[in-house]
Amino acid sequence: MNIGWKEIKKNKSRFLILGSIIFLVSLLTMIISGLANGLSQDNAALIKDLPEGHFYMSEDAEETYNLSRIDSDVQHEIMNDHQNAVALSIQMGFLIDQEDKQQSVAFVTATDSKLFTQVDEREVIVDRSLKEKGIKVGDLLTNNQLRDELVVKGFVDQKKFSHAPVAYINSEDYKKMYNVEQMQLVFLPGENSAQNFTGLQSYSNKDFLSTIPSYNAEQMSLTMIVSFLIVISGMLFAIFFYMMNIQKIGLYGILKAVGIKTSRLFKMIWTQMLFITIIALALSISLSHAFNSIAPEGMPFHLTFETTTQLSIIFLVVGFIGATLSGLQIRKIEPLRAIQQGED
Amino acid sequence: MTIFTLDEVEKTFTNGEIEENILKGISLSLKEGEITALVGTSGSGKSTLLTIAAGLQPASDGEVLFDGNNLTTMSSEQVRKIRAKEFGFVFQFAHLVPFLTVEEQLMLMLEVSESTLSKREQKKEIDQLLNVIGMEHRKNAYPSSLSGGEKQRVAVARAIIHKPKVLFADEPTASLDSKRSKDMMELIRDLTKKMNITTLMVTHDEEMLTYVDRILQMSDGMVLENK
Numbered sequence: 001m002n003i004g005w006k007e008i009k010k011n012k013s014r015f016l017i018l019g020s021i022i023f024l025v026s027l028l029t030m031i032i033s034g035l036a037n038g039l040s041q042d043n044a045a046l047i048k049d050l051p052e053g054h055f056y057m058s059e060d061a062e063e064t065y066n067l068s069r070i071d072s073d074v075q076h077e078i079m080n081d082h083q084n085a086v087a088l089s090i091q092m093g094f095l096i097d098q099e100d101k102q103q104s105v106a107f108v109t110a111t112d113s114k115l116f117t118q119v120d121e122r123e124v125i126v127d128r129s130l131k132e133k134g135i136k137v138g139d140l141l142t143n144n145q146l147r148d149e150l151v152v153k154g155f156v157d158q159k160k161f162s163h164a165p166v167a168y169i170n171s172e173d174y175k176k177m178y179n180v181e182q183m184q185l186v187f188l189p190g191e192n193s194a195q196n197f198t199g200l201q202s203y204s205n206k207d208f209l210s211t212i213p214s215y216n217a218e219q220m221s222l223t224m225i226v227s228f229l230i231v232i233s234g235m236l237f238a239i240f241f242y243m244m245n246i247q248k249i250g251l252y253g254i255l256k257a258v259g260i261k262t263s264r265l266f267k268m269i270w271t272q273m274l275f276i277t278i279i280a281l282a283l284s285i286s287l288s289h290a291f292n293s294i295a296p297e298g299m300p301f302h303l304t305f306e307t308t309t310q311l312s313i314i315f316l317v318v319g320f321i322g323a324t325l326s327g328l329q330i331r332k333i334e335p336l337r338a339i340q341q342g343e344d
Numbered sequence: 001m002t003i004f005t006l007d008e009v010e011k012t013f014t015n016g017e018i019e020e021n022i023l024k025g026i027s028l029s030l031k032e033g034e035i036t037a038l039v040g041t042s043g044s045g046k047s048t049l050l051t052i053a054a055g056l057q058p059a060s061d062g063e064v065l066f067d068g069n070n071l072t073t074m075s076s077e078q079v080r081k082i083r084a085k086e087f088g089f090v091f092q093f094a095h096l097v098p099f100l101t102v103e104e105q106l107m108l109m110l111e112v113s114e115s116t117l118s119k120r121e122q123k124k125e126i127d128q129l130l131n132v133i134g135m136e137h138r139k140n141a142y143p144s145s146l147s148g149g150e151k152q153r154v155a156v157a158r159a160i161i162h163k164p165k166v167l168f169a170d171e172p173t174a175s176l177d178s179k180r181s182k183d184m185m186e187l188i189r190d191l192t193k194k195m196n197i198t199t200l201m202v203t204h205d206e207e208m209l210t211y212v213d214r215i216l217q218m219s220d221g222m223v224l225e226n227k
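Residue numbers (my numbering), protein chains in the order written: chain A, 1 to 344; chain B, 1 to 227.
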């Protein structure tokens with residue numbers, strides 16, 4: 001007989017209250033995780049979508065990519081030795097559309113590579129978010145640092161850097177705009193360990209993301225909120241079951257006196273915790289994914305099934321720990337004390 | 001035939017530097033199917049003796065022998081198994097599980113005692129016992145809807161549904177009025193005699209002694225009289 005389930009059936013409202021709180025906390029956690037993911041994509045999709053590898057920037061750039069300059073000889077040496085190496089530059093800037101509206105973009109140029117969209121001189125390929133702002137294929141865009149106009153040749157999906165849509169331009173146009181000859185970065189995909197190049201410092205993809213201004217601060221704040229919510233849910237379970245157990249000390253004592261194993265009482269609590277958590281999570285996953293599909297276009301919300309699965313496992317583990325901690329008092333209950341006290 | 005023996009059982013409680021000897025070398029034996037009442041003033045040690053005999057607390061010295069097993073040398077898990085399978089308990093209050101129906105209370109006890117009966121046989125057994133105690137019509141009721149007398153009858157049924165060898169009853173009628181107390185004692189007597197269950201009962205109600213076979217008078221941690 002599943003006594004845990006019997007108790008839920010008899011005390012529906014009590015468990016419904018706990019279930020509702022867990023549902024709300026888990027829903028909030030998933031929504032904030034979706035926002036964290038969305039903001040992360042919005043901030044660095046250009047880098048996040050790259051395969052694992054290593055970025056290299058000049059040592060004297062002090063971890064600031066736009067201060068980095070790769071020596072041309074070193075760049076050629078790397079490109080000759082590593083077929084898949086790509087040199088790239090990223091600079092924040094703006095484009096002026098045909099209606100004279102200024103659009104913030106992240107200009108990106110790269111040497112020949114499948115990892116970065118290639119464009120010809122006086123052409124530009126931009127992130128699709130600019131299409132929603134009225135830019136069309138064939139539009140002529142200008143920039144006050146470039147004498148020539150750039151023709152929009154197409155759009156790419158989800159390519160963002162530092163919350164700005166990416167604009168792929170040719171390296172010759174880039175050089176004219178920023179009056180530089182050297183590239184800022186070299187990226188070596190698929191390398192297990194970082195290579196040593198004279199005057200260059202290596203960064204894993206994750207480390208490089210941290211060099212993006214505001215990326216770490218933004219993600220840490222949201223991760224902190226998510227962590228707190230998870231801890232709160234664990235505490236909710238611990239407090240709820242603790243309060244329930246306090247009320248049932250007499251009952252547990254009698255059950256122990258008649259021969260029920262302590263482990264069975266623990267199983268009762270775990271069953272209840274699992275039942276509540278699974279239903280609460282099923283509802284919050286459904287709702288958060290529904291929100292994922294109806295979220296306003298401009299809202300940086302991106303929730304994957306991988307994230308919800310990870311969060312669900314964490315919630316179950318935290319719930320299990322919370323319920324078990326509260327149940328530790330069951331082990332200490334003396335049947336004798338329960339017998340000697342009156343009925344609840 | 002003797003089924004239960006207490007040999008020179010002592011119980012000492014220590015409170016700081018003060019040692020209090022609650023039981024002072026008690027020896028007694030219980031015969032199969034016999035109902036024995038422990039009587040005495042409050043603090044005479046009768047409830048302590050009952051709980052030591054039932055394996056709910058250890059003795060400070062001496063031996064508790066049940067059916068050839070020495071409870072004092074067994075592990076707590078071995079004692080728990082004996083409590084679950086061979087002992088039944090009735091307390092001053094019914095202490096029923098509030099979220100189980102009458103039928104489920106008995107079903108749980110059969111599970112705890114690792115009954116070998118099939119589910120169908122268990123249900124049949126429960127129906128028969130509920131019929132005997134006049135509670136068949138209340139088998140789907142929760143404890144909150146039962147009267148005090150009904151609760152205590154269910155508690156008795158829970159204590160004997162698994163056919164234990166010994167029933168320990170600690171003031172089983174203390175929470176009932178005179179009429180219900182007599183009914184309860186009649187029920188305990190009828191059932192234990194029918195099922196040949198040895199009963200050790202603590203009571204302070206002299207009216208209840210007419211239902212027992214043997215009375216042990218306790219005073220100051222010792223058995224004074226064997227009536």
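FYI, nobody ran anything at the bench for these hints, they're computed from the structure.
Some hints could be false.
Stated by the list, open to error - In silico DSS-like links for lysine-lysine, alpha-carbon gap of 25 Å or less:
(1) K85/B with K6/A
(2) K267/A with K81/B
(3) K261/A with K85/B
Computed from a prediction, not measured in an experiment: that's the story for all the values here.
Cross-check of the supplied hints:
For the suggested pair K85/B and K6/A, the alpha carbons sit about 24 Å apart, so the restraint of at most 25 Å is met. Under the criterion of a C-alpha separation no larger than 25 Å, the hint pairing K267/A with K81/B is consistent with the structure, at around 19 Å. A distance of roughly 13 Å separates the Cα atoms of K261/A and K85/B; the hinted pair therefore holds under the 25 Å criterion.
Figure legend: structure checked against the earlier numbered hints; every hint is met.
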